[in-house]
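Position chain V relative to chain H; hints supplied.
There are 2 protein chains.
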Amino acid sequence: MFNFQVTSVCKTTNARTGVFHTSHGPVETPRFMPVGTLGTIKGLTSSQIKKTGASMILSNTFHLHLQPGEKIIKEAGGIHKFMNWDKPILTDSGGYQVFSLSKLNKISDEGVGFKNPRDGSYIFLSPEKVIEIQMDIGADVAMAFDHCPPHTSTENDIEDSLRRTHLWLEKCVDSHSRKDQALFGIVQGGKYHNLRAISANFVNSFDLPGIAVGGVSVGEQINEIHNVINFLPKFLPLNKPRYLMGIGSLNEISLAISQGFDLFDCVLPTRLGRHGTALFNDQRWNIRNARFKNDFAPIDKTCSCETCKNHSRAYIHHLIRNDEILGLTLISLHNIAHMIRFTNAISKAIKDNCFTIDFAPWKRSSIAHHTW
Amino acid sequence: MFNFQVTSVCKTTNARTGVFHTSHGPVETPRFMPVGTLGTIKGLTSSQIKKTGASMILSNTFHLHLQPGEKIIKEAGGIHKFMNWDKPILTDSGGYQVFSLSKLNKISDEGVGFKNPRDGSYIFLSPEKVIEIQMDIGADVAMAFDHCPPHTSTENDIEDSLRRTHLWLEKCVDSHSRKDQALFGIVQGGKYHNLRAISANFVNSFDLPGIAVGGVSVGEQINEIHNVINFLPKFLPLNKPRYLMGIGSLNEISLAISQGFDLFDCVLPTRLGRHGTALFNDQRWNIRNARFKNDFAPIDKTCSCETCKNHSRAYIHHLIRNDEILGLTLISLHNIAHMIRFTNAISKAIKDNCFTIDFAPWKRSSIAHHTW
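Protein sequence lines, in the order shown, are assigned to chains H and V. Residue 1 is where the first sequence starts when you use the working numbering, and the numbers rise one by one after that. Residue 1 is where the second sequence starts when you use the working numbering, and the numbers rise one by one after that.
Just chain H, same shape as in the assembly:
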């Protein structure tokens, strides 16, 4: 259980393929994980999600704690039964949400007190409480509670929050007791290499079944994201799945995989879908645009998702223009399938020795064209 096997390594980069074993089956890596914030990937049924090729999906502890509350989910028999997803699930710890979405009242080494954005009530989340909530939710992977400061914080502030993140990790490890659930630690440290290295070494020392890198893609410049992706992996264990949190752009996923990251998540495919924007290769197309009005081709004729097999751009354009919710369902479905197709193509390319950092298999000139 929670064993990670590296199944192949790239000859030219640090990329690898692997299998992470969970209570709900294996997760083949590298892998994009779609996000179902409230126990639902917006607009999609479980069987539609399954058809995108999704394996592990994400849900948000912070949101589920507020609504419907972890006790309901526990009573339902856990998150898998509650949302009808029998493959692996990962819950984030809520750290990012607590610090980005809510009005903070008080941060201390004990935890964070804040106002419930839904009803103004006072909520206190400690690392122990966050683990208790995640054990009740019952995902396959729980995340440690971390202090995720703004990317504009001073080095002193980042250092202070990092000390707290590490203290909380100890508390999380101590209070976590579900044998059928893996706990991943989170490396923080902002853009500061010395802090990132300290954090990676500290988190490593717990020998948890997986390791995540947080505090990336939180508003900082793209070159700072690249710096973390390029610098950190040498401090991360090779025999554990490495999860780069919140990254959903193909360029950065490709770069991160080339440096040895394995798992990715992002709300982007469904958020874009809700706004009528479809992914095509590395582009974003606004299907609302008049040029799609009588374009009877599928979004992507090389894509084998349910949307592209069954529906035209013209039909989806019509739906989106008329605020028909089927439109956002169909685009979200395609967008998720597109992201998973991308990481699957990378897997195949690693095995076939044709993976490159600037992976763009849709190009006829790409040596990995056959993987698309």
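Careful: at least some of the hints might be erroneous.
What the hints assert, rightly or not - With a straight-line Cα cutoff of 25 Å, these simulated SDA-like cross-link-like pairs (lysine to any residue) come out: (1) H:Lys-74 <-> V:Asn-289; (2) V:Lys-74 <-> H:Asn-322; (3) H:Lys-351 <-> H:Gln-5; (4) V:Lys-87 <-> H:Pro-298; (5) H:Lys-348 <-> H:Ile-367; (6) H:Lys-51 <-> V:Ser-304; (7) V:Lys-309 <-> H:Thr-37.
Stated by the list, open to error - Pairwise CB distance ranges (calculated): (8) H:Asp-180 <-> V:Ala-297: 22 to 30 Å; (9) V:Lys-74 <-> H:Asn-3: 52 to 60 Å; (10) V:Lys-74 <-> H:Val-9: 51 to 59 Å; (11) V:Ala-297 <-> H:Gly-69: 16 to 24 Å; (12) H:Ile-222 <-> V:Asn-105: 53 to 61 Å.
Note that these hints are calculated values from the structure, not bench results. All figures in this text were calculated on a predicted structure; none of them were measured in a lab. Here a beta-carbon is modelled for each residue, glycine too, at the ideal position from N, C-alpha and C.
Below, chain V alone, put in the same frame as chain H:
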């Protein structure tokens, strides 16, 4: 093509089962037809609709003419390809919508001029134009353009509109030329038996492949609806499918089938779905209600729809409470499946000689309990 075979008759009522043959396969009757106003049954994909047991579905000529326009649909290869539904489709003529939804400017024997509710532009619909639009849309069944006056109109006004409806029917028949599309006439006449009888005889005289009864359930008292259902069938041909337009309540469907009606449509299952209301037997349940918060049973444990097989009331309650669109998709899916299950149960009961006017097969005491 467009042949209707009666396959069994009820021994105690005028109910019958039958098969109506179309270019896109057979429609077994009696049958509920879900409504996809804009070429989409709100929130459901074709494969989800198929799983409800739906056969013929409806779409609205008035709405499709405004958006995306029949030319786009024709260019797509017709409505079946446009919306990816390979089973039969019926388009209404827009008569009801023109008179109920739009600001009327002018009604004459030539047609109706009105303001486009979307952009204020002037639109003129003649019977010939409505047939041209429906031939472009390309459904299996087209409906004649009818003048559908308010139920509060005087007998004189109804008589006048009926004369026009009949004139328009002649024009519709003359201008309809698609061999792969059936044209149904519509009987009007409001609550006036003499007018209804005249209308039925007039529409019959064209010997079209099917006959519809319109102007029912347009705001009048329930006993007036019952009067039409009880009085009219003796004037309708036995060897044609008889379509009672816009009726979606189980009581009235059951009564109408007992009088020999075969086809029904209503927006209710999806409209209720969008408001979080689920059908259960002959009841309507508001799933938003707090009593469902930790109710882990399916909406209806005797229902075999995808929603009831896979999801609990508590989960759907959670989705609806949080405005998650999957909630309305799941309830709409169940509600359509419920309506189709109901007319399927009646079919079985007719064949098994246990159909009754007050059909309620969910009751253990019902002699038709085995059909549920």
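Taking the hints in turn, this is what the structure says about them:
| no. | hint | verdict |
| --- | --- | --- |
| 1 | H:Lys-74 <-> V:Asn-289 | 20 Å, holds |
| 2 | V:Lys-74 <-> H:Asn-322 | 19 Å, holds |
| 3 | H:Lys-351 <-> H:Gln-5 | 14 Å, holds |
| 4 | V:Lys-87 <-> H:Pro-298 | 21 Å, holds |
| 5 | H:Lys-348 <-> H:Ile-367 | 12 Å, holds |
| 6 | H:Lys-51 <-> V:Ser-304 | 21 Å, holds |
| 7 | V:Lys-309 <-> H:Thr-37 | 23 Å, holds |
| 8 | H:Asp-180 <-> V:Ala-297: 22 to 30 Å | 26 Å, holds |
| 9 | V:Lys-74 <-> H:Asn-3: 52 to 60 Å | 58 Å, holds |
| 10 | V:Lys-74 <-> H:Val-9: 51 to 59 Å | 55 Å, holds |
| 11 | V:Ala-297 <-> H:Gly-69: 16 to 24 Å | 19 Å, holds |
| 12 | H:Ile-222 <-> V:Asn-105: 53 to 61 Å | 57 Å, holds |
Of the hints listed earlier, there is not a single one the structure fails to meet.
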